[in-house]
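In case you want the letters, here they are:
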Amino acid sequence: MNLYSRRRLRNRVVLLLSVGATVIGLGWLVLILGTLVYQGLSGLSLAVFTEMTPPPGADGGLLNPIIGSLMLTILAVAIGTPIGIMAGTYMAEYGKYAKLTVVVRFINDILLSAPSIVVGLFVYEILVAPMGHFSGWAGAVALALIVIPVVVRTTEDMLLLLPKELRESATSLGLPRAYVIRFVSYRAARAGIITGVLLAIARISGETAPLLFTALNNQFFSTNLNAPISSLPVVIFQFALSPYADWQKLAWIGALIITFAVLALSITARALSASGKSS
Amino acid sequence: MLFHHSTRAAAILVLIILSGVIIALIQGSLPALQAFGFNFLIEERWNPVTERFGALAPIYGTLVTSLIAMLIAVPLGLLIALFLTELCPPWLRRPIGVAIELLAGIPSIIYGIWGLFAFAPFLQRTLQPFLIDIFGSIPVLSSVFEGPPYGIGMLTAGLILAVMVLPFVASISRDVFEAVPPVLKEAAYGVGCTTWEVVRNVVLPYARVGVIGGVMLGLGRALGETMAVTFVIGNAHRISASILAPGTTISATIANEFTEAVGDIYTSALIALGLILFAITFIVLAAARLMLMRIERRVG
Chain Z
1 MNLYSRRRLR NRVVLLLSVG ATVIGLGWLV LILGTLVYQG LSGLSLAVFT EMTPPPGADG
61 GLLNPIIGSL MLTILAVAIG TPIGIMAGTY MAEYGKYAKL TVVVRFINDI LLSAPSIVVG
121 LFVYEILVAP MGHFSGWAGA VALALIVIPV VVRTTEDMLL LLPKELRESA TSLGLPRAYV
181 IRFVSYRAAR AGIITGVLLA IARISGETAP LLFTALNNQF FSTNLNAPIS SLPVVIFQFA
241 LSPYADWQKL AWIGALIITF AVLALSITAR ALSASGKSS
Chain W
1001 MLFHHSTRAA AILVLIILSG VIIALIQGSL PALQAFGFNF LIEERWNPVT ERFGALAPIY
1061 GTLVTSLIAM LIAVPLGLLI ALFLTELCPP WLRRPIGVAI ELLAGIPSII YGIWGLFAFA
1121 PFLQRTLQPF LIDIFGSIPV LSSVFEGPPY GIGMLTAGLI LAVMVLPFVA SISRDVFEAV
1181 PPVLKEAAYG VGCTTWEVVR NVVLPYARVG VIGGVMLGLG RALGETMAVT FVIGNAHRIS
1241 ASILAPGTTI SATIANEFTE AVGDIYTSAL IALGLILFAI TFIVLAAARL MLMRIERRVG
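Residue numbers (our numbering), protein chains in the order written: chain Z, 1 to 279; chain W, 1001 to 1300.
By construction, these hints were calculated from the structure, which means they are not laboratory data. All values reported here derive from a predicted model rather than from experimental measurement. Beta carbons: idealized from backbone N, C-alpha and C, even for Gly. Mixed in with the good hints there might be a few duds.
Stated by the list, open to error - Label pairs and their computed distance ranges (CB to CB):
1. Val1144/W to Leu41/Z: 34 to 42 Å
2. Gly43/Z to Pro1129/W: 26 to 34 Å
3. Tyr38/Z to Val1049/W: 39 to 47 Å
4. Met131/Z to Ala1009/W: 21 to 29 Å
5. Gly20/Z to Ala1118/W: 20 to 28 Å
6. Gly1020/W to Gln219/Z: 31 to 39 Å
7. Val19/Z to Thr1259/W: 18 to 26 Å
8. Leu3/Z to Glu1044/W: 48 to 56 Å
9. Pro1205/W to Ala245/Z: 32 to 40 Å
10. Ser242/Z to Ala1241/W: 27 to 35 Å
11. Pro130/Z to Gly1147/W: 39 to 47 Å
12. Leu41/Z to Val1262/W: 21 to 29 Å
13. Pro82/Z to Pro1129/W: 28 to 36 Å
14. Ile267/Z to Gly1147/W: 12 to 20 Å
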């Protein structure tokens, strides 16, 4: 075999492998989603949303974990988003060239991918242990700590994308800096900042590890944030590892709900950021 | 001014959170570290009854599962990036890229439940008996693939981690591949290089730092991943040469035992595990960020 055909052959092999790798990657996505639909869809009914988690062997739904997850998520976003947006604003507007910004950006990027179970341990140490009991508040704080880095990152990126002429022209009209940011920068970067919040919601709605020893779980219906509160991911964890077939079934249904909620959120976020960029 | 200072305070809060995490973990793990000292790192025993704890088995499991994950995810991710940048028709680029990134969006507990009920039984029937058959008669490798096919175990955990890390490696590699100046590639194509030769000799050397950064970022994920691993690792506190055997990782140990831990020293030993995990991932992620920052500076 001469040099040319050997090179051509090697090229073809690598290109085939790369097509194969892409097929494997996409196939895996289809496989996971397919399994979820196959296992979960048959059990999906109205009762899932209106009835409480059952004892083993009885009928029931996922009402209390769904409510719990919604409460925790809303609270976490309510705590984390303002802090995240403010910090991102400082980094992109006031402290663009400050040393603090460089350090915070670096630390924030590390927090962004730090193991979430460590966040759970941290909140356990500062909230659960001193208070003496697990609580919904602790769970919400743990999730908020995961929201913050995501929002900081996207807010900073989006504000930095704005053309500086926008700020200059507002300033030249005599607007103070704080007003320029609030009425011009925020408005121009709105789609991007909302994208960041949506991505953060997508990220925390499936988080389990930080809730295991903060919000714990509650088999009864409870909206008391001072007591342990049930959440969808923790219930999936508990039910899936249980030996009862009907609990496992509910775990699959919960998994289906979470996955499609998360995928819908991230696709919305993508569509939003794409439309923001083109306009 | 008020607005200025409150944004600054929020930025400083991010720093306080990180230092708070470090301080809280150190404080929480002090009792265990005082009781066991340096031995905590090299002791294999993990016995809640006699309150003797050592972190070696979870550390070993964490490293082995992450290694398996990276061995699979890095080549696959690079090949996907190659496909997306060099082969894929432009109108398909975005949909396929988004689909691969969606893999990263699936919550880890979903990987766990899928791994336990769908993937592990499949491996138990197919891949694992196959590996045992093939390598059973080769001296060293036979001990790596030894034992009954449980389905769950370190190999299964590593494979699941590989799928979870793949989108990170693939999408960052794609981004840095795209940042290679077209002139360089065109020059190489112009002297008659094949696509593979262009990627091998022009794209990869140019994008090296960025790719390594992406790989380290993926590694950081794999090391700290909790729920998916907890489902399929088997949670056995022992070190075995066979990757088919059940094991445990740092995060799986914490997730499984923390709420059931009785006694200060037990809780403290688990927090010390968390501290070790945080230290390892901090170093890996910091290195990844520094490398990616270097390439950003070059591009920007």
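| field | Beta-carbon spacing of Met131/Z to Ala1009/W - inside the hinted bounds 21 to 29 Å or not | value | At 25 Å between Cβs, range holds.
| query | That 21 to 29 Å hint for Leu41/Z and Val1262/W (C-beta), does it hold up? | reply | violated (41 Å)
| request: Check the following: the C-beta atoms of Gly43/Z and Pro1129/W are separated by a distance inside 26 to 34 Å. | output: Taking Cβ atoms as reference, Gly43/Z and Pro1129/W lie about 32 Å apart, which means the hint holds.
| Is it true that the C-beta distance of Val19/Z to Thr1259/W lies inside 18 to 26 Å, as the hint says? | Roughly 46 Å apart at Cβ, these two residues miss the hinted range, so it is violated.
| field | Range hint 34 to 42 Å (beta carbons of Val1144/W and Leu41/Z) holds or violated | value | holds (40 Å)
| query | For the pair Ser242/Z and Ala1241/W, does the Cβ-Cβ distance stay inside 27 to 35 Å? | reply | Hint holds: Cβ distance 32 Å, inside 27 to 35 Å.
| query | Is the gap between the beta carbons of Gly1020/W and Gln219/Z within 31 to 39 Å? | reply | holds (32 Å)
| said: Range first: 39 to 47 Å. Now tell me if the beta carbons of Pro130/Z and Gly1147/W are that far apart. | reply: holds (45 Å)
| Is 12 to 20 Å a correct range for the gap between the Cβ atoms of Ile267/Z and Gly1147/W? | violated (43 Å)
| Lying within 28 to 36 Å: is that true of the beta-carbon distance Pro82/Z to Pro1129/W? | Hint violated: Cβ distance 55 Å, outside 28 to 36 Å.
| Could one say that the CB atoms of Gly20/Z and Ala1118/W fall in the range 20 to 28 Å? | Roughly 22 Å apart at Cβ, these two residues keep to the hinted range, so it holds.
| Does 39 to 47 Å hold as the CB distance between Tyr38/Z and Val1049/W, or does it fail? | holds (43 Å)
The structure is inconsistent with the numbered hints 7, 9, 12, 13 and 14, although it conforms to all the rest.
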